[in-house]
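Protein chains in written order, with the UniProt record's numbering: chain A, 1 to 258; chain B, 1 to 258; chain C, 1 to 258; chain D, 1 to 258.
What the hints contain is simulated information worked out from the structure, not anything from laboratory work.
Ideal Cβ placement from N, Cα and C applies to all residues, glycine included.
All the given hints hold, so there is nothing to weed out.
If the Cβ cut is set under 10 Å, some of the chain D residues that face chain C in the computed set are:
#1 Leu109
#2 Gly162
#3 Gly189
#4 Ala197
#5 Glu215
#6 Met224
#7 Ala237
35 Å max Cα-Cα, derived DSBU-like pairs, lysine-lysine:
#8 C:Lys84 to C:Lys64
#9 B:Lys84 to B:Lys64
#10 C:Lys218 to D:Lys218
#11 A:Lys218 to A:Lys64
#12 D:Lys218 to D:Lys64
#13 B:Lys218 to A:Lys218
Partial list, computed: chain A residues near chain C (C-beta under 10 Å):
#14 Tyr169
#15 Ala172
#16 Leu173
#17 Leu244
#18 Tyr245
Protein chains: 4
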Amino acid sequence: MGSGDDFVIAGEAFGSRLILGTGGARNHAVLDEAIRESGTGLVTVALRRIDPNAPGTLLDVIEKAGVRVLPNTAGCYTAVEAVKLAHLAREAFDTNWIKLEVIGDEDTLLPDAVELVSAAQTLVDDGFTVLPYTTDDPVLARRLADLGCAAVMPLGAPIGSGMGIRNPYNIALIRETVNVPVILDAGIGTASDAALAMELGCDGVLLASAVTRAERPKEMAAAMRHAVIAGRLAYRAGRIARRLYATASSPLEGMPQW
Amino acid sequence: MGSGDDFVIAGEAFGSRLILGTGGARNHAVLDEAIRESGTGLVTVALRRIDPNAPGTLLDVIEKAGVRVLPNTAGCYTAVEAVKLAHLAREAFDTNWIKLEVIGDEDTLLPDAVELVSAAQTLVDDGFTVLPYTTDDPVLARRLADLGCAAVMPLGAPIGSGMGIRNPYNIALIRETVNVPVILDAGIGTASDAALAMELGCDGVLLASAVTRAERPKEMAAAMRHAVIAGRLAYRAGRIARRLYATASSPLEGMPQW
Amino acid sequence: MGSGDDFVIAGEAFGSRLILGTGGARNHAVLDEAIRESGTGLVTVALRRIDPNAPGTLLDVIEKAGVRVLPNTAGCYTAVEAVKLAHLAREAFDTNWIKLEVIGDEDTLLPDAVELVSAAQTLVDDGFTVLPYTTDDPVLARRLADLGCAAVMPLGAPIGSGMGIRNPYNIALIRETVNVPVILDAGIGTASDAALAMELGCDGVLLASAVTRAERPKEMAAAMRHAVIAGRLAYRAGRIARRLYATASSPLEGMPQW
Amino acid sequence: MGSGDDFVIAGEAFGSRLILGTGGARNHAVLDEAIRESGTGLVTVALRRIDPNAPGTLLDVIEKAGVRVLPNTAGCYTAVEAVKLAHLAREAFDTNWIKLEVIGDEDTLLPDAVELVSAAQTLVDDGFTVLPYTTDDPVLARRLADLGCAAVMPLGAPIGSGMGIRNPYNIALIRETVNVPVILDAGIGTASDAALAMELGCDGVLLASAVTRAERPKEMAAAMRHAVIAGRLAYRAGRIARRLYATASSPLEGMPQW
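One chain only, chain A, in its complex shape (with noise of 0.2 Å):
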């Protein structure tokens, strides 16, 4: 992407856009693949499915592409849980990023708001440096980010349903919103929904299944990669207005439509 335009995140700068989830690979070595390909510089891991102490594992393929672990509390249903397992989390990786998951329910998997917004308070009180997973409500990442967290990172649909961004409008509602960085977690498919998202206004896209359950998960980390830096590029580069026609008189002035 070249100077002047760097994924930046608590102070910490990034050279890709593209965050990248563990669950649902095959096995390392596809996951290896998958890493490389993406060109992420950035991998969440749950600290529920791993043993940071175990040789041959997710965390060895991961320090060998040389990207930082970023853990994230997936599994956890309440502040309490999420919590604790964050302080764990930030023993066991030596680092104080952790990825706040607080999940309110177990068939879809979406985020908590009540229980989030304690989580994040408390952990930002500990000093943690916080990126919640949350839904599109604009109010509520306002909050989140209001309460100290490094990032927001809202749902464009629930996780591992492939079913991309369900309501852009509010994703653009909450880039005008809050002043850190907006992350799009969960719900993406396939390449064109990463690169809406970017063109969205995100800062970044964190995604897992859509890669790592892909039925080639090298080639989807490859068009992912494009994918981010097509949406960065086209945000940055000031789209042409939707027009009925070409030559109608009125542009669809103010937003965007989607």
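Go by the hints and put chains B, C and D onto chain A.
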């Protein structure tokens, strides 16, 4: 894209699946940059708008960039006009390739199905390699393919509208229906539109205004280069199914959904 | 709907803007109920599927319900076939009204633009009142209107698909383009689809499967009656502008958005 | 709708599934007509905007129309404010029903999830029948239902936006998630939006601007009456499956698609 995935039209292979139109560029320097950043190998020009023999013109720009010229019949409203212009183009450009446009409405610039078929038939009979700009009607597309067109070029939305792909189902149906290349032509507004075209199975994308009229054409040209690669990779990678949520028992089988 | 808003086709006024197709009904009793609940005054039947002279048939049902019959050429794949069938229908039903279908693909049952125009021209010349089933192509619609068709009947989606109106922009463009009635034909799946058709400016809606193949055809027929009235009233009432939010300064000017 | 399909909130049955808001009406005569044409049995008023004891006011209009009043807490930005206003409303209107609004942003008027839950809990504990205006978040909706709210009222889009239902999937998820009535509140722009809400399984629809600010409020009120009936009938009638085309082997199983 690597070996095994060439973009082949009428036996000729191209390294890029992006075709660039020239209308709307502020000046030749901008167009030159756009062509180079886009990575395209094929550029379409309206015979009506240029004098092939004049020095310092559009054609010089294209020639220096080392890309192939695809003359088009933009501005024609009848088969007779279009056929006549195609013959002039063959002499002027020393190519029997022609992007066939027969417009049926001066406001929307939508194609006229009846005149288009008539012109295509004549030009195929006259030995042209015909690439017709058509509606997104699968039956019309098959008719054009069956009469010998080298590709079909359905619209996503009206020329210059930037409205994207209004009816993705029809584009997917066209891809299932014909055996020649399908090139999405008209309507692309931004990078995610181009990626979506490729994900729907299109073999290539043609766009002009989206780049030439963007605030920063060079950046948008680069965005489109990445978007087309991303969409093609994603198409080949085999995306995950869409589900209402990940643990839902029934994926949405048998078709894409937009 | 009260005075001042009759639905007029070729000089004949109808009290309902809903036209019902008969394909797919389980039996005559179900169809009878559906006709009555729908409030329709015009029912279309495929000449291919009925024997006009047989007793106890579809036609008896329609006659008893006191609604007009509109014969159609369903099942024809060429202009010649369709014209021949139209003439048979004229004799059998003693009407020169014909719903003209010329199908171009046996899977999707999409119309064939070229054969359709040819058949329409012949039938208009032969003195028929022609109501052609067409694609959602505004240029084709205008061509059909210009050659003397009494209405144009663009599809929302393929026959029997229940996919609704895939490209509302084209339907709105058709409404702006022709001066004859526009009747949305094919694709309607549920009540909101029918309401949307009317809100787009359609003068009427034709549907069959949505009612005849619903779990409870009688209730769905009633739903469609209300939906068409609702959509027409809303169209005439002048809806509020769409805005990103109420206090946003710029409404979305100049066009509908779907 | 006839027997067997009453709209019941907190044990009270209503003949219409439409709830009308009063904001935006030009004058009392217009509002009176709108109430009567809409067929509603329940009208919501903002305590902030009226003086319950003044003669010749909004309340007189409602009383004469013979419909029930549902006071709301529009304009409140904290739980404390909303609770206080609800108590005033209880005294003024002699009802313990309250439409609870706790706004989190003065531009979009979106609800504040955290304050909303807090206020709802307090009001339920205080013996109110609470109908909360909420986001389209299924987890938040369940939380509100679980703490004792008599219904949940998710938004389709921001108040007054006329944008319709931006995320139909979430509304459908909410309907599956809670056991209390789901009332679509905010965002309705035209009749098809209201029909869609009902088809998604909502038990009722609340709207104001769509009627009061339409060019002809009376006609739009009638449109909404028909639309809600149409959508409800269609929901109960069991719509046909969506298929890419009628002869396609696989319907889209297991979920709606928008």
